[in-house]
Structures are given as C-alpha cells and as structure tokens.
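Trainee: Listed below, chain by chain, are the residues.
Number of protein chains: 2
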Amino acid sequence: MTKVTAQMSVSLDGHYAGPRHTGEARDWLQSAEAAGFFRVTRWVIDAAAWRERQGFAGGERDVNSDIMAETFEAAGAYVMGRNMADGGEVPWGDEPPFRAPVFVVTHRPRETLVRKGGTSFTYVTDGIASAVEQARAVAGGKNVAVAGGGTLLRQVIQAGLLDELELHIVPTVLGRGMRLLDADLGAGLGLDLAEKEAIELTPTRVIHTPEVTHIRYTVNGRAALVLDDRGSGSGTDAFGTGTP
Amino acid sequence: MTKVTAQMSVSLDGHYAGPRHTGEARDWLQSAEAAGFFRVTRWVIDAAAWRERQGFAGGERDVNSDIMAETFEAAGAYVMGRNMADGGEVPWGDEPPFRAPVFVVTHRPRETLVRKGGTSFTYVTDGIASAVEQARAVAGGKNVAVAGGGTLLRQVIQAGLLDELELHIVPTVLGRGMRLLDADLGAGLGLDLAEKEAIELTPTRVIHTPEVTHIRYTVNGRAALVLDDRGSGSGTDAFGTGTP
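Residue numbers (this note's numbering), protein chains in the order written: chain W, 1 to 244; chain X, 245 to 488.
Next comes chain W alone, as it looks inside the complex (with noise of 0.2 Å):
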C-alpha cells in the first residue's frame, strides 16, 4: 500500500542546514548553510548506492548506503518543492538520480519535463494535496516520496498528509541554522501548532551506525498536550522543580 513518506538527514539539535545564505547564489558553497548541509547529509555523499545514482565513482557499501539503496527503491513517486527543482535542474542533468515521476509544487505553470532513466518533472500549480495525489496515482503501490525541501515537507506535515518520516540523526551539534521541525518561522512556512498542542509519532525501526543514527517514525497526528499527573500524588510537581 502506497504510503506517504519522507526522509531527512539532520544534526543532533534538529537542524538540516546552517543559517540560511542571504548572499549571492555562487557563493552558497561557501556559506555556513552549506558548511552545516554538507556536515549532516556527509553519510549520504559517503554511500555508494547514493554516489552511484548521481554517476559518481566509489562510496562507501555499508549499512547506510544499504538504507539509502532501499530509500530510493521504496520510492515510486516523488513530490518536490519549487526550489529543489528549479536548483537541481542543470546539475542532474539528462538522467536525474530519481528515476521516477517526480511532482514539482509551484506556482509557475510548466510542460512537464522528461529526462532519461524514468524521471520526469510535472509541474502541478494546484497545490500539494494534488501533487501528492497525482504521485500516487502513479507510485504503482510503491511509496510517494517527499523530496523535500524542509519548506515542502512542513507544508506535507502541516496538512496532515504524511504517514512516515525517517530522520537521519547526524552526531553533530550545529547550534544553528535551518529547523526542519520548527512551529515558528512565520508566514505560514513553520508548523502551526497550537499551545500545548504537539505532533505525535511512533518510532517503528532504529538502524544505529558510528556516523548516523536512522529512525523511522509513523506519524500519528496532532494531539493535545494534557498534564499527566500519575507522578504526582500530591498534585504538584513530581519532579520538585519550575525551572527544569
């Protein structure tokens, strides 16, 4: 059964980039957002199954390009944000590492694009319900994939649309720079979460490696924070502290 699911590589303090560049495109290479991107997704650059599909010699053949192997082969659909799309189009080239029908979430109407080795790019303006519908459509029981960016995947989280996410914890503490999981970047791009209102998941597998730390998690829903208070007999505090 064609699930919806998502997969990202962040560092211990939950970000997937550093601070987001502000300066020109060509220098992004040199910024700290790269500098932290680069540190978390190193494991997926290391992993022969990834180097392979992108037509890159060598890599590691370990457990985690096992799980990258199987991330790609799970997938019979992609959804894309603009921004990915537009970034990759030029250096994936003729034939893309996605293999599969890829939609792109825009605002910007497109004749869908066809690259060699079974990747395409449909452009779908009507938002991300749609494109994750359309994935579908097509994904032949494989699984719809959300490519990202951390954006997308808010938005897909935030409509209630995905039904697992794996996260690639990277031992690495950032301290800052790009939140996957944040409910407060305005203009509608954080996760709306209400007060005492949190997102809750069930971790369904653990793969652990020395530089990375897989879990997969179903996403079970929104659900309201209420104070549980079997630790406390007395009605207060079990743990005997304001100031945790």
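Worth flagging that the hints you see were computed from the coordinates, not collected in a lab.
Beta carbons are placed, not taken as given, at the ideal position from N, Cα and C, and that holds for glycine.
Check the hints yourself; a few may be wrong.
[What the hints assert, rightly or not] Simulated DEER-style distance windows between Cβ atoms:
1. X:E355 with W:E60: 49 to 59 Å
2. X:L433 with W:P91: 52 to 62 Å
3. W:E60 with X:G465: 22 to 32 Å
4. X:R270 with W:G221: 28 to 38 Å
5. X:H351 with W:G160: 33 to 43 Å
6. W:A25 with X:G465: 26 to 36 Å
7. X:A373 with W:E89: 51 to 61 Å
8. W:G127 with X:M245: 54 to 64 Å
9. W:A74 with X:S374: 50 to 60 Å
10. W:V63 with X:G385: 31 to 41 Å
11. X:H351 with W:F56: 49 to 59 Å
12. W:G221 with X:E317: 31 to 41 Å
13. X:F300 with W:A25: 53 to 63 Å
14. X:H351 with W:G221: 38 to 48 Å
Starting from the known structure of chain W, fit chain X onto it as the hints suggest.
Mentor: Leaving out everything else, chain X in the frame of chain W:
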C-alpha cells in the same frame, strides 16, 4: 574511571520543555512550558525505577525503567544548577532521590545541607569546573552526573567538561520551547559556537522502545566544519541545489 555524564529527555525537535513560563511560579503547572516538559518526561514518570526513588508506588518495569535504574546507579556524585536545586529543595523532602553528594553551582554561599539516604547539597561558588572537580573527588570511581537544568548543561558542554551525553528522544514534535543545544540564547546562556563550527559526538549505544529512543554519545569536542567535496567531481554542489 570517572566520566562526566549528562542525560536529558528531549522532543524529536530538541526541546526539553515548552516555551518558558513567565507568569507566577504557582501557575507553572498549567503553563505550556510544563505541558511540554511533562510530555518529554512522561517515560520517566512512568518508570518504576524513578518512582521508587521518589517514594511513589507503581510504574512500569520495563527497558525504560532499567535505563533509569542504570542512570541512578552510575552516578557517584551530581552537579546541579541553582534553579533546579532551589526548586527541588521542598518537594524532594527529607530523603531526596539522588542518594549521593550533589554540588550546586551558585553565587550564594550556604552551608552544606545533609539529607537522609546519602544525599547532601554542597553549594559551590567558584564555578562549574570547581563543582565538577569536587564531585569527581567523592564519586568513588562512579560518574559525575550533570543533573540539570538545561542552562547548566550547556555551560558544562561549553567549558569542554562533558564526556558523555545521553539523549532520550521522545517521539513528539513540540515545535517550540526550551531547546537544549542552542547556540544563540544570548547572555552567555547558549553554546558559544563560531560560524562553521560544530560540536562533534560519536553515538556509542542506542536502545529503542516505542516510548523513547535512548542514544548515548561520547562528546568528541569542537571541530571546524569543512566542505567535503568528495561528492563533487566538478567542484560544484553535488546535490545540485543551493536551497535544500
């Protein structure tokens, strides 16, 4: 050999409590800060090993409880922030849960407070490093555990004193609140990381339960983020995107 350790329950997005409560202390239990705090510590309150130390009945006797028991057992002495010590003094009562010497980092001198069951509170006014050293001297070869709160823990990391960090990652997204590993809190309260600098760790143990994923890390220390261009045969971004 004595290690300086810390453990903290955090949400999937790195918060150990909801947004800081700024009203009157007696309203704390009703605050969003408390709602987040009790969500990420629910597994603790449910653990029989924790409840027993608090004098509470019941609780789950499971892997999570075993980890809590192990955590208590491994600590030969504690270092604690002043807010936590002050907040706990009354609720912890005559026989606090620590059963070991506690060294409280504070600016206010005070005589050592000796409680039943092996717990004492010694007030250290000459800084964190001194508190850690005093704790180490009496830990009897067990660990020095940084008991909290978050501000003290960041200061211990900042000072390069932490050997091991165990995060209990709870499968909930709070979206906002008090973040443990934050470089930009101001007033010397954050991790003082330079641009393109990170704190690197190595995961050494992962234990997975439906309620919480326990990841233990060795803290390797600060490192510069260098651009790894192994994925980039052409010298350009291997991901093909400046806006991940």
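Trainee: So which hints don't hold here, by number, going up?
Mentor: 2, 5
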